[in-house]
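Peer 1: Can you make the complete structure from the sequences, with help from the hints?
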Amino acid sequence: MSNILTNKTIKKLLFIGSGVNDFGKEAEHDSAIYQVMPELTRRGIEVFVIDENPYTLSLESLSATTFWQPLTVKNLKSVILENKIDTVVPLFGGESSLRLWSEVVQSWNYGDGTMPNTLGLSIDMILKVNNLPILTQMMAQNGLPVINNYVLKAQDEANELLRQVQLPLMVRALHPIQNNTRHIVDRLDDFESAIKAAKSQSVTQEVIISKAINGLKEISLEVLRDSRGNKLQIGASEDMDPIGIHTQDSLSISPILTVQDQLISKMRSYAFKIADMLHLEGVLHVRFAVNDDSHEIFVIKVSPYIDQMATRTALCTGYPTMLVAMNLAIGVPLEEIVLPRNFGANAAMMEPMMDHVVVKLPIFPFGELAEAGISVNRKLNSVQKSVGTTLGFGRTFIEALEKAIRSAHFNNTSFSPTNMATINDDSLIQQLIHSEDNRVLLLIEAIKRGYEIDELAELTNIDEFFFHQLVHLHEIESQIEQDIDSISSLRRGKKYGLSDGLLARFWHTDFNIIRALAKENGIDATYKAVEPSAGEFPENARQYYATYESENESAPISSESILVIGSGAFRMGDAASGGYATSVTLSELKRLQYQTIIMNNNPNDATLLPHLADKQYLEPLEISDVMKVVELESPQTIIVPGNRKKLIDALKVLGQKVVILPKEKHMPIGPNEKQSEFAINLFFDGEKIYPINLTQHMAGEMRIIPQMIETIDGIDVLSLKNPGVYQFIWYQETIKWQETIRASSFGKDGSWVRPMPFGQIAYLTKVMDVPLMRMIVRAGLGRLTDQDFELLNTLGKRVTHNKLSLVAGDINYGLHLQPNQVIDGTRFEIGVGVDDHG
Amino acid sequence: MTERHLILEDGTIFKGLGFGAPATTFGEIIFHTAMTGYQEIITDPIYDGQMIVFAMPVVGASGIHAEAYESVKPTIRGMIVHDLAEVSVNRQRRMNLDRFLKQHNIPGLYQVDTRQLIRHLRETGPQKATIVDYADEHAVDQLVATVLTNKQVQNTATPKPYANPGRGRHIVVIDFGLKHGILRMLGDYDANVSVLPYTTNVEEVLTLDPDGIILSTGPGDPRTLPESVLTLIRVLQTKVPMLGIGLGHELFALSNGAELMPLPSEHHGMNHPIQEIISRQIFYAMQGQGYAVNAETIDRKKLFVTYRDLVDGAVQGLRHREYPAFSVQFFPDAAPGPLEATEVFADFFETVEDYVEHFNQ
Numbered sequence: 001m002s003n004i005l006t007n008k009t010i011k012k013l014l015f016i017g018s019g020v021n022d023f024g025k026e027a028e029h030d031s032a033i034y035q036v037m038p039e040l041t042r043r044g045i046e047v048f049v050i051d052e053n054p055y056t057l058s059l060e061s062l063s064a065t066t067f068w069q070p071l072t073v074k075n076l077k078s079v080i081l082e083n084k085i086d087t088v089v090p091l092f093g094g095e096s097s098l099r100l101w102s103e104v105v106q107s108w109n110y111g112d113g114t115m116p117n118t119l120g121l122s123i124d125m126i127l128k129v130n131n132l133p134i135l136t137q138m139m140a141q142n143g144l145p146v147i148n149n150y151v152l153k154a155q156d157e158a159n160e161l162l163r164q165v166q167l168p169l170m171v172r173a174l175h176p177i178q179n180n181t182r183h184i185v186d187r188l189d190d191f192e193s194a195i196k197a198a199k200s201q202s203v204t205q206e207v208i209i210s211k212a213i214n215g216l217k218e219i220s221l222e223v224l225r226d227s228r229g230n231k232l233q234i235g236a237s238e239d240m241d242p243i244g245i246h247t248q249d250s251l252s253i254s255p256i257l258t259v260q261d262q263l264i265s266k267m268r269s270y271a272f273k274i275a276d277m278l279h280l281e282g283v284l285h286v287r288f289a290v291n292d293d294s295h296e297i298f299v300i301k302v303s304p305y306i307d308q309m310a311t312r313t314a315l316c317t318g319y320p321t322m323l324v325a326m327n328l329a330i331g332v333p334l335e336e337i338v339l340p341r342n343f344g345a346n347a348a349m350m351e352p353m354m355d356h357v358v359v360k361l362p363i364f365p366f367g368e369l370a371e372a373g374i375s376v377n378r379k380l381n382s383v384q385k386s387v388g389t390t391l392g393f394g395r396t397f398i399e400a401l402e403k404a405i406r407s408a409h410f411n412n413t414s415f416s417p418t419n420m421a422t423i424n425d426d427s428l429i430q431q432l433i434h435s436e437d438n439r440v441l442l443l444i445e446a447i448k449r450g451y452e453i454d455e456l457a458e459l460t461n462i463d464e465f466f467f468h469q470l471v472h473l474h475e476i477e478s479q480i481e482q483d484i485d486s487i488s489s490l491r492r493g494k495k496y497g498l499s500d501g502l503l504a505r506f507w508h509t510d511f512n513i514i515r516a517l518a519k520e521n522g523i524d525a526t527y528k529a530v531e532p533s534a535g536e537f538p539e540n541a542r543q544y545y546a547t548y549e550s551e552n553e554s555a556p557i558s559s560e561s562i563l564v565i566g567s568g569a570f571r572m573g574d575a576a577s578g579g580y581a582t583s584v585t586l587s588e589l590k591r592l593q594y595q596t597i598i599m600n601n602n603p604n605d606a607t608l609l610p611h612l613a614d615k616q617y618l619e620p621l622e623i624s625d626v627m628k629v630v631e632l633e634s635p636q637t638i639i640v641p642g643n644r645k646k647l648i649d650a651l652k653v654l655g656q657k658v659v660i661l662p663k664e665k666h667m668p669i670g671p672n673e674k675q676s677e678f679a680i681n682l683f684f685d686g687e688k689i690y691p692i693n694l695t696q697h698m699a700g701e702m703r704i705i706p707q708m709i710e711t712i713d714g715i716d717v718l719s720l721k722n723p724g725v726y727q728f729i730w731y732q733e734t735i736k737w738q739e740t741i742r743a744s745s746f747g748k749d750g751s752w753v754r755p756m757p758f759g760q761i762a763y764l765t766k767v768m769d770v771p772l773m774r775m776i777v778r779a780g781l782g783r784l785t786d787q788d789f790e791l792l793n794t795l796g797k798r799v800t801h802n803k804l805s806l807v808a809g810d811i812n813y814g815l816h817l818q819p820n821q822v823i824d825g826t827r828f829e830i831g832v833g834v835d836d837h838g
Numbered sequence: 001m002t003e004r005h006l007i008l009e010d011g012t013i014f015k016g017l018g019f020g021a022p023a024t025t026f027g028e029i030i031f032h033t034a035m036t037g038y039q040e041i042i043t044d045p046i047y048d049g050q051m052i053v054f055a056m057p058v059v060g061a062s063g064i065h066a067e068a069y070e071s072v073k074p075t076i077r078g079m080i081v082h083d084l085a086e087v088s089v090n091r092q093r094r095m096n097l098d099r100f101l102k103q104h105n106i107p108g109l110y111q112v113d114t115r116q117l118i119r120h121l122r123e124t125g126p127q128k129a130t131i132v133d134y135a136d137e138h139a140v141d142q143l144v145a146t147v148l149t150n151k152q153v154q155n156t157a158t159p160k161p162y163a164n165p166g167r168g169r170h171i172v173v174i175d176f177g178l179k180h181g182i183l184r185m186l187g188d189y190d191a192n193v194s195v196l197p198y199t200t201n202v203e204e205v206l207t208l209d210p211d212g213i214i215l216s217t218g219p220g221d222p223r224t225l226p227e228s229v230l231t232l233i234r235v236l237q238t239k240v241p242m243l244g245i246g247l248g249h250e251l252f253a254l255s256n257g258a259e260l261m262p263l264p265s266e267h268h269g270m271n272h273p274i275q276e277i278i279s280r281q282i283f284y285a286m287q288g289q290g291y292a293v294n295a296e297t298i299d300r301k302k303l304f305v306t307y308r309d310l311v312d313g314a315v316q317g318l319r320h321r322e323y324p325a326f327s328v329q330f331f332p333d334a335a336p337g338p339l340e341a342t343e344v345f346a347d348f349f350e351t352v353e354d355y356v357e358h359f360n361q
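Protein chains in written order, with the numbering used here: chain F, 1 to 838; chain G, 1 to 361.
If you're looking for bench data, these hints aren't it; they were derived computationally from the structure.
These numbers come from a predicted model, not from an experiment.
Where is the CB? At the ideal position from N, CA and C, for every residue including glycine.
Be aware that a few hints might be false.
Covered stretches of chain G (chain F as the covering partner; in silico rule of three or more C-beta atoms under 8 Å from a C-beta of chain F) [unchecked claim]:
id, region
1, 28 to 38
2, 51 to 59
3, 73 to 87
4, 113 to 120
5, 276 to 286
6, 337 to 345
Peer 2: See below:
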């Protein structure tokens, strides 16, 4: 590890977490902070972190002093002053911590003493980045192609503007009252009404008019800049869907395939110029709108901080983005960065290359909501509707797409050639123009109905390439359907990423038969490394994905390894808790000195961090994917979330040792406005139950009841199969917080036992300072210690005096989804925070 | 698409599907790690006689563009890719990569485990290879018996002088297998360009009274060229500002007494950090080289090293201590590749302006 610190004044460094999860904000910031903290500690820097999100892994890190508090200016200031923090890193917490930090800076008084240094981006630049018109102006002055915004109030001013600008135009409200609709004006006749509509949505009766760029291609580049002004490009992706559909809701692919080098090089130099303009020392994500034909390029968003693009490209390429970004922030120049041994010698300075394709699919909550009878607006537009992200890795677009679809847990039937047949031509066209979440299906259906590729490309503004690919997919599928039991068809299908299940359906048989047939004929998955040199240099890779080619690069790591099955993408309900549980599990296994393997496909949490496991498989989590890895690695134990019942059964049939992390299939419904949910929480070690405490949960908030609980009667130990944390639940019609609750209430009608949701485990872990998740893992492996039992025996006798309650995040379901009824924030949780009720 | 085979001289055989021309082909096989710019790469004359394996997973998805030709007629011997896309952006013809290669009689092979092939080639270095229908003994014998040409410069360089007129400075380009990117860059400076064959002489060049001279890129081993080329450079560098690029850089080094060494593994890509030694600035550029100037053989009284590849330490640029002459191993025309490398042309034109000013005084 290099000792070169150009800035010697860094002694106490504070990370500002990103707070409550929300649309577009998963666990990517926590993951980034968690990854770099140990490296800073090794350099002798004392690290501090503040966040309010109970799923924050960093708050459980041993490398930092942690503050679990609501993220307010007041709390931040007092942490800084009380701990004599000399340095703050807001960039790792993303846009929201950048905003919070600028508020702190602006409210800093003379009497507060010396303000800490800000790393990565100067205060001046942070303020500019937070102010869009100023940032746009600054970019225009630097010769960057931006879209000018004209702010005006009166209709005649607008008419005057028409002399300067060309149609189509986009008209929006300035300072929108609530929901900001973008009005696209294609014809002069619509201009006046659009202005009127936008004005009515504005608090100040002002509108913003700009050139409409709907329909252009959306491209993202990720670049780095060091203190010497050196810059490199570390990732790029293109959206399949054109501008007009939120980039998070778009299917996107890495690397960029459909844009020619000259345009990409131009965007790269624009991104470099922006990094220089900001004097950035860190990562920068720039989004561009591109017109392939006219070669026009516009800068549409500048994000000089860690965001989902940063975590995603790190996973896609194997480039150590976070470790490098941390080095850059503390002033180590690119050339002098020394990385942990598992990265290549020059990994920091070499631009990562890819010899594989990664497809990112958004996860929409529509299915879960529909099951609960809630209908929402499914039309995709410029407001994000997806809640999570999943990745599919392959050697072709089709293979990566098929794997991403499987990772997204789409019902496979919805992707079969027979579906969609009922939709009539008119609504097909309508849906092609106004995309919904099922658009890949729709595009295939349109191809089947004989629409020409150039027609479709024009209608949808999707690049021709994707249609050629989908035509190809359609041909492959049709061929397979015809050639029942043909080995060459089977080989072809597997090569393009089709699952055993889908092939089984084509051939009207069972997936076990397909597996056996493939095996007999030597059609087997080969694993390829994800490493940043694209094969140029010998790699020390730990990350692999499956494909069907000739060379397999993955050798089993150990006969004593433990395989952990991740929980996939962020979804409504589970929110970030699944990633929390998996990450803590991996961390605990590491502590117990097991060789660990993780399978997962979520780029936005910590589960796939290079240092959390010895080996990563970036794969879908269907039974056939898991079985392939099990065959190769022969792990001694497999850890599986309890909601994966079919997988657990299948593994047990094969005689595998399975440790189950107790979890229900669906998230529980929360209490309504008039009632409270009470829980006796308990730990089950496999033989005996140990009381933990009592909690009360009202709609939107949960607290610990400050009461001792020594024994529990009436719970049948036999009903609890697997070690874990469970809760004995009952409801009462009260909306008063209880100081104590009468024991006689236990066991009354309507009560039942369930595994404690991971989210509550994360909350109790922090509020009680008891590592519940780790103890579940230890119990599952028979590794509970005497100390653990001592603790378990005393938990019920303790009264928790911490006054932090768990509160539902302030999630704007209305803006994003426009639901027809109120959404239950417990069952459909997206984010939670804490509140101090003391 | 029919099944075809790639046979390497060391006996390794790869199976794939044929695209492009269905011909049998022989050539030296190398791999390229760039993720963009396949059209520029396959039309670049530096790859004359070679077969290129692409690390980029999908090739062909951005079509064939009028502005992305580095020579009108590609002379590579084969293209080996993993996945092939059939996109066309040509307004007149459905011209996708497959048809483009067919038209130029170049065979391609796809659905090859290119990652395995690259991992193999990085160990063995470049070798002879053939693409055939059947991988039988006959094909292997044919490959072993084949002697590859070392006349790549003769194959690709212009035999006759021609002009690319402009209204700016007069630049003479000595052509060793010139790529269009250099002319495009000179066009950006509105240079008045005369392209001369490498068989030209001092008299001819100086009669044209150039403001600057560019020694172009080109294919193959520069040591196969006649000694007269080195003499020509030795004389011209004392008279007129000079920039050598790629093969031109290697020739510039040779003519000033340095020696070349083969790289253990050829390097073709755009991801290596290149450092400008004086400023310590790092940048990236398209690189394509099988040889490098041996730093130990450089006469430090004449030349000094200006750029280095930070990955393998290879010399990436030289400058003469006495004359306004310098050279770069990488390709500063950014076709394809990062634009930051085009600074080299700005340097060159600055030198040219100084030279012109000197005479005007």
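Peer 1: Does each hint hold? Answer for all of them.
Peer 2: Here's how the hints hold up against the structure:
no. : hint       : result
1   : 28 to 38   : holds (count 6)
2   : 51 to 59   : holds (count 4)
3   : 73 to 87   : holds (count 5)
4   : 113 to 120 : holds (count 6)
5   : 276 to 286 : holds (count 5)
6   : 337 to 345 : holds (count 4)
Going through the hint list in order, the structure satisfies each hint without exception.
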